[in-house]
Amino acid sequence: MSIEYPQVLWFLLGLIPLAALQLYHYRRGRRDLSQLAGDRREAVLTVYSVKWFFSSLFFSLFCAFSILALAGFSWGQESVEESRGGLDVVLAVDVSKSMRATDDEDESRIARAQEIARGLVQELPSTRFGIVVFSGSALRSVPMTEDRTSVESFLSALRTDVMSADGSNLETGLDSAFSAFPQGSGRNRVIVLLSDGEQHSGNPLRPAEVARESGVPVFTVTVGSQSGSTIPLSEGGRLNDQDGNVVLSRADPDTMQEIAETSGAKAFHGAQREVFSPLLGEIRGFESRREREGFRLVAVRRYRLFVGAALIVVALNLLVRVFRWKGVI
Amino acid sequence: MFESPGYLFLLLFVPVGIYFRHFWPGRGGKLPFAFRIWNTRGFNPSFFVRRAVFALAVVSFWLGVVALIAALAGPATVDRERVYLNRGTDMMVILDESPSMAAEDFAPVNRFETARDTIRRFVERRENDSIGLVSFSKEAALRVPPTTDYEKLVDSLDELQIMNLGDGTAIGMGIALGALHLRSSSAPEKVIILLTDGKNNAGEVLPETAARVATELGIRIYTIGIGSESETRIEFENPETGQVYRGTFEGGFDEELLQEIAEFSGGAYFYAGTSGTLESVFEAIDSIETVEKRVRIEVRTESQHRILIIFALAALLFDFFIRKLLLREVL
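Chains as they are written, first to last, in this note's numbering: chain A, 1 to 329; chain B, 1 to 331.
The set of hints was computed from the structure by calculation and includes no laboratory data.
Cβ atoms here follow ideal geometry from the backbone N, Cα and C, with glycine treated the same way.
Errors might be hidden in some of the hints.
[Stated by the list, open to error] Distance windows between CB atoms, simulated:
(1) 325(B) with 243(A): 52 to 60 Å
(2) 183(B) with 273(A): 45 to 53 Å
(3) 210(A) with 12(B): 56 to 64 Å
(4) 157(A) with 167(B): 49 to 57 Å
(5) 12(B) with 5(A): 12 to 20 Å
(6) 77(B) with 305(A): 16 to 24 Å
(7) 289(A) with 77(B): 52 to 60 Å
(8) 3(A) with 2(B): 20 to 28 Å
(9) 167(B) with 137(A): 34 to 42 Å
(10) 46(A) with 77(B): 46 to 54 Å
(11) 233(A) with 120(B): 35 to 43 Å
(12) 4(A) with 59(B): 51 to 59 Å
(13) 16(B) with 298(A): 53 to 61 Å
(14) 153(A) with 161(B): 18 to 26 Å
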């Protein structure tokens with residue numbers, strides 16, 4: 001079972017003030033009625049209490065069920081027919097400043113990312129590639145093409161200074177990667193996100209969710225260590241913050257893991273030789289699975305159950321209020 | 001569109017509900033009491049305003065119920081995408097960027113702008129074909145690899161500037177570079193469209209050699225010679241220095257060479273002396289290079305239930321607060 005918008009469930013807390021309001025209202029209603037009812041007071045108040053109880057209960061239940069419907073519960077899976085052949089891969093490469101960090105290894109993070117990307121281009125022969133680079137903003141550098149020459153030459157010339165925008169925004173990067181798939185290609189689609197996962201703005205889980213709904217897995221490769229590393233500058237020295245302290249950039253594999261899992265793919269983190277062949281295997285496996293099966297599984301949304309329940313309690317609420325209590329009034 | 005429109009029959013119960021709640025003589029929730037003592041003034045609130053507010057609450061309640069029923073029926077928007085089942089043609093447009101392209105014998109601006117506009121319209125007419133762009137003058141550069149991402153292609157086309165690559169006409173380099181980037185293409189048909197107004201006078205590769213290589217890769221070359229032989233006014237800005245050059249220009253393209261290249265590779269040669277003819281040349285290439293397209297329509301639905309549920313919740317809460325707080329209804 002999964003919940004698409006778990007944050008909506010916080011609105012259930014709103015039921016508490018609602019109940020308080022109803023209670024306050026009940027006491028006021030009793031007072032008003034006892035003033036008006038005269039001789040029939042006892043009978044009227046009993047009926048009122050019963051009716052109040054059920055109508056309030058049903059109204060609160062209606063609110064609860066609506067909120068549950070909005071939260072987007074889903075369980076179980078159904079298959080959606082999708083026969084696609086071939087593979088389109090978008091390589092989304094982080095080129096923010098933190099990718100210059102070396103993490104006490106021979107190569108910078110970006111060089112390691114480049115290495116993995118180049119390996120994929122070489123090992124996936126009949127695949128089309130597109131490249132998106134991003135830091136604070138994103139750019140479709142190489143459009144989806146079969147032309148390996150230009151993909152490889154762009155990759156080998158890749159530097160962290162290709163983007164002038166500061167910061168690191170995985171959300172724009174993923175959005176841009178997703179839009180780099182041309183319309184109507186009829187091929188399987190995969191995004192490979194190469195980054196240290198360190199981000200300064202944006203919510204990357206939103207585009208990951210969009211990707212999942214369209215059947216596009218986002219495989220993530222985290223480069224860099226969690227213990228952190230300084231960022232060398234091209235003009236020598238290290239990157240300092242405003243107060244003159246040395247900036248430490250820590251890789252964030254947890255964020256990358258979340259992105260991959262949200263989109264229905266796998267995350268990779270570690271040394272290049274450990275990461276590369278499992279990643280390649282996953283991508284190949286994904287392609288052949290889709291081609292063999294001709295369908296993909298999507299989670300079944302269960303909002304209807306809750307909407308139906310909400311409708312029933314609204315009807316009950318109406319009934320309680322409309323029908324007379326025989327023989328009392 | 002609704003996923004299960006059957007639920008919409010529940011809407012039939014709405015009028016029934018409205019009748020029972022508002023018109024049925026036997027409905028409850030009313031408590032008769034003395035409104036005023038005979039012949040005196042009773043309390044007489046502004047009845048009209050209250051009725052109006054009450055009506056508003058009632059309307060919002062029933063609209064909320066309707067929205068809830070609609071949400072139950074699974075509302076969705078449908079998106080149709082044309083998916084091409086076969087591979088289109090791969091094309092590489094090779095455009096001359098030399099200063100002579102600034103000659104103003106092509107309406108409305110000059111040869112270059114006309115060529116740019118014509119190529120843009122040509123790209124917009126094609127579907128499912130990967131199209132790339134190479135520009136050349138003294139040297140050649142790949143602007144866009146062959147792609148079906150036409151948005152990116154047109155963007156790059158718009159960024160082209162005369163004399164970005166120096167002064168000269170390296171036709172051979174242009175063809176060679178175009179062929180290089182078509183090499184790994186798996187398309188059944190590969191085509192180069194060469195557009196120039198000058199004679200080959202730069203570059204390390206001879207046009208004939210480049211054409212031979214391209215032919216071996218199975219690429220057909222269409223050559224288009226543009227411009228007139230007569231003296232024409234010329235005006236352009238050097239993109240590096242920002243200096244504006246004005247003058248007159250005379251000299252044409254190497255018709256023989258273009259003819260030879262086209263014939264050798266199995267393409268065709270065209271001459272375009274005016275904007276109109278250039279347009280028709282591209283239309284001709286467009287109609288020659290058509291492959292049968294097999295298309296499947298892929299339907300994607302996107303559920304829209306959330307907005308309806310939010311509306312229903314808001315409407316019913318609105319009704320609740322109006323009646324309970326504003327009108328002080330006891331039940």
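Hints and how they fare:
1. For residue 325(B) and residue 243(A), the Cβ-Cβ distance of about 54 Å falls inside the hinted range of 52 to 60 Å, so the restraint holds.
2. Range check, residue 183(B) to residue 273(A): about 30 Å between beta-carbon atoms, so the 45 to 53 Å window is missed.
3. The beta-carbon spacing between residue 210(A) and residue 12(B), approximately 38 Å, falls outside the hinted interval of 56 to 64 Å.
4. In this structure, residue 157(A) and residue 167(B) break the distance hint of 49 to 57 Å, their C-beta atoms being roughly 26 Å apart.
5. For residue 12(B) and residue 5(A), the hinted distance range of 12 to 20 Å is not satisfied, since their beta carbons lie about 32 Å from each other.
6. Distance hint check for residue 77(B) and residue 305(A): the Cβ-Cβ separation is about 22 Å, which falls inside the suggested range of 16 to 24 Å.
7. Taken as a hint, the range 52 to 60 Å is violated for the pair residue 289(A) and residue 77(B), whose Cβ atoms sit roughly 29 Å apart.
8. Between residue 3(A) and residue 2(B) the beta carbon distance is about 24 Å. The supplied range of 20 to 28 Å therefore holds.
9. Under the hint 34 to 42 Å, the C-beta atoms of residue 167(B) and residue 137(A), about 35 Å apart, fit the expected range.
10. The supplied range of 46 to 54 Å is met by residue 46(A) and residue 77(B), whose beta-carbon atoms lie about 51 Å from each other.
11. The hinted window of 35 to 43 Å between residue 233(A) and residue 120(B) holds, with their beta carbons roughly 42 Å apart.
12. Judged by the Cβ atoms, the range 51 to 59 Å given for residue 4(A) and residue 59(B) is violated: they are separated by roughly 32 Å.
13. Restraint check, residue 16(B) to residue 298(A): a C-beta distance of roughly 37 Å breaks the suggested window 53 to 61 Å.
14. Restraint check, residue 153(A) to residue 161(B): a C-beta distance of roughly 22 Å satisfies the suggested window 18 to 26 Å.
Violated hints for the displayed structure, listed by number in ascending order: 2, 3, 4, 5, 7, 12 and 13.
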